[in-house]
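Next come the chains, spelled out residue by residue.
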Amino acid sequence: MPAITFIHPDGKSDRVETAGGESVMQAATRHGLDGILAECGGNAMCATCHVYVDESWLARLPAMADDEDALLDGTAAERRPTSRLSCQITITPDLDGLVLKLPERQV
Amino acid sequence: MTASGAAGSGVPHLDVDPFDMSFFADPYPAHELLREAGPVVYLDKWNVYGVARYAEVHAVLNDPATFCSSRGVGLSDFKKEAPWRPPSLILEADPPAHTRTRAVLSKVLSPTVMKQVRDRFAEAAEARVDALLQMRSFDAIADLAEAYPLSIFPDALGLKPEGREHLIPYASVVFNAFGPPNQLRQQAIERSAPHQAYVAEQCQRENLAPGGFGACIHAQVDEGAITATEAPLLVRSLLSAGLDTTVNGIGAAVYCLARFPDQWQRLRDDLTLARGAFEEAVRFESPVQTFFRTTTREVELSGARIGEGEKVLMFLAAANRDPRRWDAPDRYDITRRTSGHVGFGSGIHMCVGQLVARLEGEVMLTALARRIGRIEITGEPKRRFNNTLRGLDSLPVTITPA
Numbered sequence: 001m002p003a004i005t006f007i008h009p010d011g012k013s014d015r016v017e018t019a020g021g022e023s024v025m026q027a028a029t030r031h032g033l034d035g036i037l038a039e040c041g042g043n044a045m046c047a048t049c050h051v052y053v054d055e056s057w058l059a060r061l062p063a064m065a066d067d068e069d070a071l072l073d074g075t076a077a078e079r080r081p082t083s084r085l086s087c088q089i090t091i092t093p094d095l096d097g098l099v100l101k102l103p104e105r106q107v
Numbered sequence: 001m002t003a004s005g006a007a008g009s010g011v012p013h014l015d016v017d018p019f020d021m022s023f024f025a026d027p028y029p030a031h032e033l034l035r036e037a038g039p040v041v042y043l044d045k046w047n048v049y050g051v052a053r054y055a056e057v058h059a060v061l062n063d064p065a066t067f068c069s070s071r072g073v074g075l076s077d078f079k080k081e082a083p084w085r086p087p088s089l090i091l092e093a094d095p096p097a098h099t100r101t102r103a104v105l106s107k108v109l110s111p112t113v114m115k116q117v118r119d120r121f122a123e124a125a126e127a128r129v130d131a132l133l134q135m136r137s138f139d140a141i142a143d144l145a146e147a148y149p150l151s152i153f154p155d156a157l158g159l160k161p162e163g164r165e166h167l168i169p170y171a172s173v174v175f176n177a178f179g180p181p182n183q184l185r186q187q188a189i190e191r192s193a194p195h196q197a198y199v200a201e202q203c204q205r206e207n208l209a210p211g212g213f214g215a216c217i218h219a220q221v222d223e224g225a226i227t228a229t230e231a232p233l234l235v236r237s238l239l240s241a242g243l244d245t246t247v248n249g250i251g252a253a254v255y256c257l258a259r260f261p262d263q264w265q266r267l268r269d270d271l272t273l274a275r276g277a278f279e280e281a282v283r284f285e286s287p288v289q290t291f292f293r294t295t296t297r298e299v300e301l302s303g304a305r306i307g308e309g310e311k312v313l314m315f316l317a318a319a320n321r322d323p324r325r326w327d328a329p330d331r332y333d334i335t336r337r338t339s340g341h342v343g344f345g346s347g348i349h350m351c352v353g354q355l356v357a358r359l360e361g362e363v364m365l366t367a368l369a370r371r372i373g374r375i376e377i378t379g380e381p382k383r384r385f386n387n388t389l390r391g392l393d394s395l396p397v398t399i400t401p402a
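Sequence lines, in order, name chains A and B.
So for the first sequence, the UniProt record's numbering puts the first residue at 1; every next one is plus one.
So for the second sequence, the UniProt record's numbering puts the first residue at 1; every next one is plus one.
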């Protein structure tokens with residue numbers, strides 16, 4: 001199963017084993033990871049599952065839809081070129097080893 | 001209330017009436033009965049299917065092609081019966097029509113817009129606490145749960161000062177009307193004319209102040225996103241669902257925090273828990289208890305076969321306390337991971353105003369917890385009865401300053 005590494009703002013990291021077909025957000029909340037809130041439960045409404053994607057991975061992720069793009073303008077922490085909503089990233093085998101940084105805050 | 005297996009279908013038939021006063025007074029034993037009877041049940045009283053477990057409620061919410069909204073999200077089937085008011089363009093609509101109107105309201109109530117109104121909402125919450133500290137003893141429903149949203153939401157919408165007393169009664173009609181033709185629904189609709197007239201008038205472009213949510217909806221006409229005849233009906237959605245829901249949400253949170261002093265203390269020790277305390281109250285009390293869907297085809301749901309054109313009642317409140325999904329579901333725990341609860345629904349119809357509700361809840365609970373040491377319930381809370389909404393009519397409390 002693909003594994004994802006989350007890097008917290010303090011530099012500590014968590015490696016999460018994922019199940020196929022779920023979103024990065026679902027994998028994170030299922031593991032009780034601090035730093036992903038996901039208030040809307042994955043409906044692309046709240047922008048509280050914000051992550052910064054490691055630059056080397058950015059181009060390998062599925063493209064961003066317009067609604068995700070608009071929501072990212074409303075994130076609590078600053079939006080960067082590497083910003084994504086983790087509920088919109090479905091885990092596939094080729095994402096094994098994905099590295100994501102967590103923002104300072106989600107609300 | 002009894003459960004009995006009906007021969008043939010495999011779906012247990014129950015004689016529970018989920019719109020009866022005795023059910024509203026204490027729904028929890030009946031919720032358990034509904035959950036434990038089976039994944040899908042049939043309610044003989046109103047000839048509808050019901051789902052009360054988390055998995056099935058979530059599944060129905062997330063399959064809008066099979067479980068549609070355009071035939072009404074109450075008991076009344078719009079295919080067989082004329083709706084009591086022109087249908088909502090968002091709540092009572094399916095894709096693709098729904099997709100377009102939904103996008104407009106999502107934009108008007110987006111996270112970006114919430115950032116812009118946050119300071120204003122927080123200041124109003126502080127002002128409300130100033131007033132409560134003067135009173136010391138008050139009704140936490142009228143003077144807090146209603147007074148706070150009334151002090152910000154109508155202004156945020158851009159409504160005129162006159163006539164706002166119609167807002168809560170109008171919402172009460174809307175949510176009663178989702179229920180069956182019982183006394184609550186019939187009486188609400190009979191008395192609705194003045195409230196309907198007020199709302200229809202306020203939805204017009206010229207009656208909405210520039211910069212407000214209402215004006216922003218009308219501005220989408222100029223962008224070509226919606227037509228001039230659609231805009232007033234979309235404003236109506238905010239008038240219908242934007243106030244009474246947050247009143248009951250904030251009321252639920254205050255009622256929880258007053259009943260569970262250990263949770264109140266945790267909040268006072270860490271104000272960053274305010275948003276979670278509100279969210280957990282929405283799970284725990286589920287201010288919106290139920291919604292219906294209508295099947296567009298014959299479907300099998302967790303082994304039960306449901307024909308086309310059947311009403312399915314989703315018990316959101318029961319799903320939010322389903323032990324299959326939640327640890328210690330009957331405990332109010334402000335640090336719980338609540339993501340996935342269905343208090344705001346789920347899927348394409350998930351509450352479009354959820355960010356407004358959370359913002360109001362967060363800033364109000366933050367202001368309360370920073371400045372108030374104790375909340376003590378000083379009299380018997382009185383329940384307010386509605387076919388869809390769960391909340392209190394009055395909650396007498398006395399507060400002690402921090």
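I should point out that these hints are in silico values taken from the structure, not numbers from a laboratory.
These numbers were taken from a predicted model, which means no experiment stands behind them.
There could be a bad hint or two in this list.
Claimed, not checked - Taking beta-carbon pairs under 7 angstroms as the criterion, some of the chain B residues facing chain A (in silico): (1) Ser110; (2) Pro111; (3) Arg275; (4) Thr335; (5) Ser339; (6) Gly340; (7) Met350.
Heads up, the beta-carbon is just placed ideally off N, CA and C, and yes, glycines get one too.
- Message: Hints numbered earlier in the text: which of these fail when held up against the supplied structure?
- Response: Violated: hint 4 alone.
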